[in-house]
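Undergrad: The lines below spell out each chain.
2 protein chains.
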Amino acid sequence: MKRAEIKVYRNLMGDNDLWAERTKMLLAKKEVTLLNLIGGPGCGKTTLLEKASLKLSGQLKMAVLEGDIETTRDAERLANLNIPVSQLLTGGACHLEAKMVHYALRDLKLDELDIVFCENVGNLVCPAEFDIGEGAKIAVLSVTEGEDKPLKYPLLFREAKSVVLTKIDLLPYLNFDLSLCLKNIHKINAELPVFPVSATKESGLEEFVCWLLKWRKSASKLK
Amino acid sequence: MKRAEIKVYRNLMGDNDLWAERTKMLLAKKEVTLLNLIGGPGCGKTTLLEKASLKLSGQLKMAVLEGDIETTRDAERLANLNIPVSQLLTGGACHLEAKMVHYALRDLKLDELDIVFCENVGNLVCPAEFDIGEGAKIAVLSVTEGEDKPLKYPLLFREAKSVVLTKIDLLPYLNFDLSLCLKNIHKINAELPVFPVSATKESGLEEFVCWLLKWRKSASKLK
Chain A
1 MKRAEIKVYR NLMGDNDLWA ERTKMLLAKK EVTLLNLIGG PGCGKTTLLE KASLKLSGQL
61 KMAVLEGDIE TTRDAERLAN LNIPVSQLLT GGACHLEAKM VHYALRDLKL DELDIVFCEN
121 VGNLVCPAEF DIGEGAKIAV LSVTEGEDKP LKYPLLFREA KSVVLTKIDL LPYLNFDLSL
181 CLKNIHKINA ELPVFPVSAT KESGLEEFVC WLLKWRKSAS KLK
Chain B
1 MKRAEIKVYR NLMGDNDLWA ERTKMLLAKK EVTLLNLIGG PGCGKTTLLE KASLKLSGQL
61 KMAVLEGDIE TTRDAERLAN LNIPVSQLLT GGACHLEAKM VHYALRDLKL DELDIVFCEN
121 VGNLVCPAEF DIGEGAKIAV LSVTEGEDKP LKYPLLFREA KSVVLTKIDL LPYLNFDLSL
181 CLKNIHKINA ELPVFPVSAT KESGLEEFVC WLLKWRKSAS KLK
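Chains as they are written, first to last, in our numbering: chain A, 1 to 223; chain B, 1 to 223.
If you're looking for bench data, these hints aren't it; they were derived computationally from the structure. Treat the numbers as computed from the prediction; the structure is a model and nothing was measured. You may find that some hints are simply not true.
As the list claims (entries may be wrong) - Restraint ranges, calculated between C-beta atoms of paired labels, are given here: (1) A/202 - B/202: 49 to 57 Å; (2) B/92 - A/193: 21 to 29 Å; (3) A/76 - B/190: 20 to 28 Å; (4) A/76 - B/210: 36 to 44 Å; (5) A/103 - B/193: 36 to 44 Å; (6) B/158 - A/200: 48 to 56 Å; (7) A/202 - B/91: 38 to 46 Å; (8) A/210 - B/114: 54 to 62 Å; (9) B/59 - A/214: 17 to 25 Å; (10) B/6 - A/111: 55 to 63 Å.
Each residue gets a CB set at the ideal place from its N, CA and C atoms; glycine is no exception.
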């Protein structure tokens with residue numbers, strides 16, 4: 001198999017809000033939606049993208065920007081599925097900033113795309129503070145992390161447009177109270193839709209993808 | 001039951017290295033060891049402390065500083081075990097800094113203590129960059145996070161004096177390669193001791209506590 005070529009962008013920082021604004025203008029012109037996936041390390045963001053991409057195939061043309069501190073392995077996993085993917089390496093920084101995302105977006109073939117997922121650095125805290133020009137932030141929380149996390153890291157859950165609750169196949173082996181988790185999420189953000197998902201068992205993905213398509217449609221009508 | 005009184009410190013920042021140095025001098029004088037526990041959100045730091053405290057009881061007198069962005073629930077969990085505990089709230093910041101730790105330490109009865117565990121904010125990235133005056137950083141990684149994390153977040157594994165690999169009771173239900181994880185850790189830091197632990201099933205704790213006692217002894221001899 002021919003190894004996919006992955007572009008790598010390194011550590012471009014600078015006037016975040018200005019670059020976020022430029023990105024929003026660019027994406028509005030191109031009618032492309034940018035989603036900012038935020039969650040802790042190992043919560044299952046890449047696996048979610050792998051499996052969601054299969055459900056979206058034939059409906060939306062997608063690309064992925066992979067944010068990491070070091071290594072290109074997440075980008076390689078997605079490139080193996082023939083998804084256009086670029087790697088953003090922060091070189092130590094704990095979050096993505098708008099300038100790096102903007103440069104990477106400009107190099108994608110935006111005219112051929114509908115949606116771009118940006119997988120942020122694995123971190124529940126800092127990425128929530130930075131607008132990268134996205135249409136929506138999506139929170140990814142694994143059930144292995146515990147039901148108290150929305151209360152302990154409230155900013156992300158305030159900012160997000162939906163939550164994907166991953167690894168629910170592990171629920172039988174955990175001391176995790178799903179209804180308490182939902183209550184905690186809704187204490188922070190009363191209307192937030194939550195999608196319990198097991199990406200490895202491919203359950204719950206339909207509902208998330210369905211919401212995504214609907215949300216995208218209503219967001220583009222608002223413009 | 002009388003509710004334990006928990007002191008709460010908020011968002012004290014400032015000249016980190018200076019405060020770390022002051023903490024080191026204070027702790028050397030008092031012969032108290034400070035350990036800086038660092039790991040992602042929900043990796044099991046508080047449960048590890050709960051269970052390790054039972055093993056240490058009768059051997060070392062311990063206290064805990066609980067770092068969080070918001071909420072005091074982790075401190076309450078430990079206070080219920082009659083461990084002296086203070087809560088450090090960063091008010092949004094993604095890591096603890098030395099000044100806040102110093103103030104909280106000064107208010108503990110250090111003459112009556114041997115060891116203080118400081119549970120940092122749940123974050124694999126930023127806390128590794130800040131010296132809080134600790135004797136050692138200890139990395140906490142859950143097997144649910146995946147075996148690639150040491151390569152993706154190398155700084156912590158370079159800085160740490162040991163790794164506690166938590167939630168190993170979940171291994172039968174995960175696609176996790178333990179020997180690959182160890183290999184990845186040792187690629188970053190060849191001699192790093194790793195302790196596979198299930199705190200809920202109370203397995204592997206003896207070995208970690210044993211290392212801790214031995215490390216503490218050798219560190220105090222070096223002074």
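Undergrad: CB of residue 76 of chain A to CB of residue 210 of chain B, is that within 36 to 44 Å?
TA: holds, 40 Å
Undergrad: For residue 6 of chain B and residue 111 of chain A, compare the CB-CB distance with the range 55 to 63 Å and indicate the outcome.
TA: holds, 57 Å
Undergrad: Tell me if the beta carbons of residue 202 of chain A and residue 202 of chain B are separated by a distance inside 49 to 57 Å.
TA: Once the Cβ atoms are compared, 35 Å apart, the range 49 to 57 Å for residue 202 of chain B and residue 202 of chain A is violated.
Undergrad: Tell me if the beta carbons of residue 103 of chain A and residue 193 of chain B are separated by a distance inside 36 to 44 Å.
TA: 42 Å Cβ-Cβ, so the 36 to 44 Å window holds.
Undergrad: Do residue 92 of chain B and residue 193 of chain A keep their Cβ atoms within the hinted range of 21 to 29 Å?
TA: holds, 25 Å
Undergrad: Between the beta carbons of residue 158 of chain B and residue 200 of chain A, is the distance compatible with 48 to 56 Å?
TA: Given a distance of about 31 Å, which is not inside 48 to 56 Å, the answer is violated.
Undergrad: Can the suggested window of 17 to 25 Å be confirmed for the beta-carbon pair residue 59 of chain B and residue 214 of chain A?
TA: Distance hint for residue 59 of chain B, residue 214 of chain A is violated at roughly 58 Å.
Undergrad: Quick one: are residue 202 of chain A and residue 91 of chain B within 38 to 46 Å, going by C-beta?
TA: Holds, at about 40 Å.
Undergrad: Given a hinted range of 54 to 62 Å, is it respected by the beta-carbon distance of residue 210 of chain A and residue 114 of chain B?
TA: Since the Cβ atoms of residue 210 of chain A and residue 114 of chain B sit about 56 Å apart, the hinted range of 54 to 62 Å holds.
Undergrad: In this structure, is the beta-carbon distance linking residue 76 of chain A and residue 190 of chain B contained in 20 to 28 Å?
TA: holds, 25 Å
The structure fails hints 1, 6, 9 (numbered hints given earlier, in ascending order).
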